[in-house]
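One line per chain: the protein sequences are A and B, in this order. To convert, count from 1 in the first sequence and add 229; that's my numbering. To convert, count from 1 in the second sequence and add 6; that's my numbering.
One or more of the hints may lead you astray.
Below, a list of computed lysine-lysine pairs in the PhoX-like style, where the Cα atoms sit at most 25 Å apart [stated by the list, open to error]:
id: 1; chain 1: B; residue 1: Lys372; chain 2: A; residue 2: Lys519
id: 2; chain 1: B; residue 1: Lys372; chain 2: A; residue 2: Lys301
id: 3; chain 1: A; residue 1: Lys301; chain 2: A; residue 2: Lys327
id: 4; chain 1: A; residue 1: Lys327; chain 2: B; residue 2: Lys238
Pairwise CB distance ranges, derived in the manner of DEER restraints [to be verified]:
id: 5; chain 1: A; residue 1: Ala622; chain 2: B; residue 2: Arg94; range: 26 to 34 Å
id: 6; chain 1: B; residue 1: Val204; chain 2: A; residue 2: Glu550; range: 18 to 26 Å
id: 7; chain 1: B; residue 1: Pro51; chain 2: A; residue 2: Ser610; range: 47 to 55 Å
Hints are computed from structural coordinates only; laboratory data are not their basis. Note that CB positions come from ideal geometry on N, CA and C, so glycine has one too.
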Amino acid sequence: MSLTNPTQLQRENTTFTHVPYADAEVVYCRFSCDLQHHNSAAHAAATLILEDALLSGCAHLTREQFLHELNKLGATLVINVDNGIFEMTLECRTSVLKRVLRLIYDMLESPTFSDNELDRIKQLVRNTLIEYREHTGALARDGLVNSLYKPTDRRYHYESLLGATEIGSITDDTLRGLMQTLYGRNWTITVGGSAQVFEQVVHTFSRLHRSLADTHSAEAAPPTTHERRVPTKSLLTQSVASKQNIDFSIGAHIPITITDQAYLPLQVGLAILGKVGGFTGRLMSVIREKEGLTYGIYARSETVSAHEYGYWRIFTFFSPEQCATGLRATFRELRDWQRNGVTQDEVTRFQTILTTQHTLVFASLKRTVNAMHGYAVQGRSPHDFITLPSRLAAVTKATINESIYTHLQPKRVVISAAGPVQSRQRELVQLASELS
Amino acid sequence: MSNKANADRPTRSPVSGFQHIHTVAGISEYRLRHNGLRILIAPLPQDGVITSNITYHVGSRDEARGETGLAHMLEHMLFKPTVSDRKRGIDSGAMQLERDSGCLINANTWRDRTNYYFSYPAEYFDDVLSIEADRMYNLTLEPEDFLPEQGNVLSEFDMYFGHPEFALSYAMSATAFFSHPYGHEVIGHREDIAGYTVEQLQRFYQAYYRPDNATLTIAGDVTPRHALRAVKQHFGELESPHTPIPRLTITEPAQEGLRHVTVERESGTNLLALGVRHAAFPTPEWYETWLSLAVLCSGPESILQQRLVDTGIASRISFQLEPSRDPNLATVFITLAPGHTHTAVTDLVHQHIAELTVADIRPLVKKQVAHELTEQAFLRTSSLDLVDELAEFVSAGDWPAFTAVAETIAAITPTQVRQRLRTLFTPQHMVTGHFIGNNHSSV
Numbered sequence: 230m231s232l233t234n235p236t237q238l239q240r241e242n243t244t245f246t247h248v249p250y251a252d253a254e255v256v257y258c259r260f261s262c263d264l265q266h267h268n269s270a271a272h273a274a275a276t277l278i279l280e281d282a283l284l285s286g287c288a289h290l291t292r293e294q295f296l297h298e299l300n301k302l303g304a305t306l307v308i309n310v311d312n313g314i315f316e317m318t319l320e321c322r323t324s325v326l327k328r329v330l331r332l333i334y335d336m337l338e339s340p341t342f343s344d345n346e347l348d349r350i351k352q353l354v355r356n357t358l359i360e361y362r363e364h365t366g367a368l369a370r371d372g373l374v375n376s377l378y379k380p381t382d383r384r385y386h387y388e389s390l391l392g393a394t395e396i397g398s399i400t401d402d403t404l405r406g407l408m409q410t411l412y413g414r415n416w417t418i419t420v421g422g423s424a425q426v427f428e429q430v431v432h433t434f435s436r437l438h439r440s441l442a443d444t445h446s447a448e449a450a451p452p453t454t455h456e457r458r459v460p461t462k463s464l465l466t467q468s469v470a471s472k473q474n475i476d477f478s479i480g481a482h483i484p485i486t487i488t489d490q491a492y493l494p495l496q497v498g499l500a501i502l503g504k505v506g507g508f509t510g511r512l513m514s515v516i517r518e519k520e521g522l523t524y525g526i527y528a529r530s531e532t533v534s535a536h537e538y539g540y541w542r543i544f545t546f547f548s549p550e551q552c553a554t555g556l557r558a559t560f561r562e563l564r565d566w567q568r569n570g571v572t573q574d575e576v577t578r579f580q581t582i583l584t585t586q587h588t589l590v591f592a593s594l595k596r597t598v599n600a601m602h603g604y605a606v607q608g609r610s611p612h613d614f615i616t617l618p619s620r621l622a623a624v625t626k627a628t629i630n631e632s633i634y635t636h637l638q639p640k641r642v643v644i645s646a647a648g649p650v651q652s653r654q655r656e657l658v659q660l661a662s663e664l665s
Numbered sequence: 007m008s009n010k011a012n013a014d015r016p017t018r019s020p021v022s023g024f025q026h027i028h029t030v031a032g033i034s035e036y037r038l039r040h041n042g043l044r045i046l047i048a049p050l051p052q053d054g055v056i057t058s059n060i061t062y063h064v065g066s067r068d069e070a071r072g073e074t075g076l077a078h079m080l081e082h083m084l085f086k087p088t089v090s091d092r093k094r095g096i097d098s099g100a101m102q103l104e105r106d107s108g109c110l111i112n113a114n115t116w117r118d119r120t121n122y123y124f125s126y127p128a129e130y131f132d133d134v135l136s137i138e139a140d141r142m143y144n145l146t147l148e149p150e151d152f153l154p155e156q157g158n159v160l161s162e163f164d165m166y167f168g169h170p171e172f173a174l175s176y177a178m179s180a181t182a183f184f185s186h187p188y189g190h191e192v193i194g195h196r197e198d199i200a201g202y203t204v205e206q207l208q209r210f211y212q213a214y215y216r217p218d219n220a221t222l223t224i225a226g227d228v229t230p231r232h233a234l235r236a237v238k239q240h241f242g243e244l245e246s247p248h249t250p251i252p253r254l255t256i257t258e259p260a261q262e263g264l265r266h267v268t269v270e271r272e273s274g275t276n277l278l279a280l281g282v283r284h285a286a287f288p289t290p291e292w293y294e295t296w297l298s299l300a301v302l303c304s305g306p307e308s309i310l311q312q313r314l315v316d317t318g319i320a321s322r323i324s325f326q327l328e329p330s331r332d333p334n335l336a337t338v339f340i341t342l343a344p345g346h347t348h349t350a351v352t353d354l355v356h357q358h359i360a361e362l363t364v365a366d367i368r369p370l371v372k373k374q375v376a377h378e379l380t381e382q383a384f385l386r387t388s389s390l391d392l393v394d395e396l397a398e399f400v401s402a403g404d405w406p407a408f409t410a411v412a413e414t415i416a417a418i419t420p421t422q423v424r425q426r427l428r429t430l431f432t433p434q435h436m437v438t439g440h441f442i443g444n445n446h447s448s449v
């Protein structure tokens, strides 16, 4: 099984990208659509319910029948909505693709959204949100993000705030409203598999679009709702007594889009600070390896897109006893990086590191498709991804440091903490005042 | 169970100094005669990428009381400098290759083995083998390297221990095993981790890190000739001690009747765990257990998903079944919805299992087999995924069984699954666990 040249084609509202594997036995396919309207608790509840509701019956099939048809083919179909983006991921063997595509066609064209199934899903969502309230990593992140964005922004996280009222208010009409949005907006589809597989996918989704075009008009493009706000507090805490560690998300806005000249240098700069995965970033090298303060500490940008600004954050955890030492060490490294920038040695090493990791992506069908899809969603081509190493080679120490200095020198960085914070509250307040 | 029947007969090794053991489904096994190192080579069309993994046949099963988690601690230390690293002024050990080149590097420890793997462009093949050969014998294990890493392992322990499933598993393992080292978690007890000495680590390292206790797996853009030449160059001079590899031979006493443990915390979560004893991996009985638990818990059509989650009694169902060399404990985890008790749900599960018919099970078995076929096909699209999966079979001492998984599962009948479920969920095979959250919340 080997990769040959990927291609992209545009059909009406859909961008199709083909990642060809000539003799692949399997198909891996990603579908994305931006569903975002102005965010709200009701919208968040609706998208949570939609994830399961779409898999719960369509056309002439009940939920049981639909799942039976899908599972007897050994296919996996996962749906989720995150930051307002509808995502569908399909994994199956090539030999069964045609039958799976038929199911997906019916699922998207004629979802049932029966009352019985909605009742089941609402109960399930209520139950799973109870566990969410102890997921301290997610809570720390949500606290940070919710301090940076207004409640109408796509990034605002409602999971820990949703109650029975919001969930109970969702009807099949609400879900059909979301589907109207899906039908009218642009689709991005990336397919890993043979040429024949790609043709089958293009044919299916083009036919679906034509069928829907008869009854639905194109929707306006999603609102650019990066409704940012200036944080009013430098420290946010959420108490979860059952955990052993305190999770932290520390960050601020990034006031650029991916089309900005500074974007790639900033990504390299953030990788030098805290590359996610592995041990290469400064934060892991120093705070974990040399100082032994945490099992993991990383930094990255999130939700920066072609049209919207995003934010960056450091994410980690410390024991309550070590959180003061850990936070001081983190801010020491962060300030050094912000004030003094990166060194030439680091730039050279990270150009190699990121180029190698680009190569390694191609050793996996799924990782290749995921990478190409991420680019396609941002309006970029497979060629853009393939030529990334040459753009990395052109990044310089000066452009990296300029981007850090210009775009990541916030007057206030927000510290969001979740976990057994109560015994450390006073200490954290004092630290936040000292460090921010 | 093994696919040895389909193995090619041994032939001459393409490089001298090696014994070709056999080739099964394109994967070839060799033994380096001089020191007993085992090598598996799986060529894959990977466009210039190789994944290699060295499995040391040592894990938490080799740990005595008072030094639990030592294998895992030592795994962390294998990334610290060796004698030659220090001479060259390298203070980050094996990680230096990642820092210089971006090669993917990591490791993990489990019950019976410790794995160290790299994934990298083929040009780094010699560098990787050089690192593996060097750190097999030449770690310096200095206190200044050990102390911060001990802190990291304590941090890792705390990360896991905060999760209800881990906290409950931790207690259930200790309850299930009176004698066998499977009775402690791989990471060990926090108290033991905090009390480690460098001398303990040194002793463990010298006992288990040796060529005749290791299997090197190489997959990707590589030929057997090229791979064996490089292995000979880097490992050929290493000696295996004449002393035997220390092994704890422990027979777990038979269980008489149901065992139970409770963990209480200030938490909004209530969790029920049903532990069932199962056979060693990769026997047919292990696969029957896997298929049985999958039919019970895996996916939206599974028995307990339909009867507990879809009815609002539980919010989540999952199971954990490890590929261990010895009989072990598998666990079904059921997160209870508010208003439902551990005891009542346990009774429900038993009732559902007792009422299951072959007709109920048959379609679910077919679907699990279909999913497994898809998963096996996806494994071949990534050398990293393939090596990760193959390593478990290497650890169990029967790697050819990896090539026969689909056939093994397809041979299991619905009647066998029903019988297996009834056998597993009997009191003398069970340990139950209740995680009781004293801070009840609802939505």
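The hints, checked one at a time:
1. About 52 Å separates the Cα atoms of B:Lys372 and A:Lys519, which puts this hinted pair outside 25 Å; it is violated.
2. Under the criterion of a C-alpha separation no larger than 25 Å, the hint pairing B:Lys372 with A:Lys301 is consistent with the structure, at around 7 Å.
3. Annotation: proposed proximity of A:Lys301 to A:Lys327 holds, straight-line Cα distance about 14 Å (limit 25 Å).
4. Proposed proximity of A:Lys327 and B:Lys238 is contradicted: the alpha carbons are some 49 Å apart, above 25 Å.
5. A hinted range of 26 to 34 Å for the beta carbons of A:Ala622 and B:Arg94 is consistent with their spacing of about 28 Å.
6. Against the hinted window of 18 to 26 Å, the Cβ-Cβ separation of B:Val204 and A:Glu550 comes to about 24 Å, which satisfies the hint.
7. Restraint check, B:Pro51 to A:Ser610: a C-beta distance of roughly 25 Å breaks the suggested window 47 to 55 Å.
Checked against the numbered hints above, the structure violates hints 1, 4 and 7; every other hint is satisfied.
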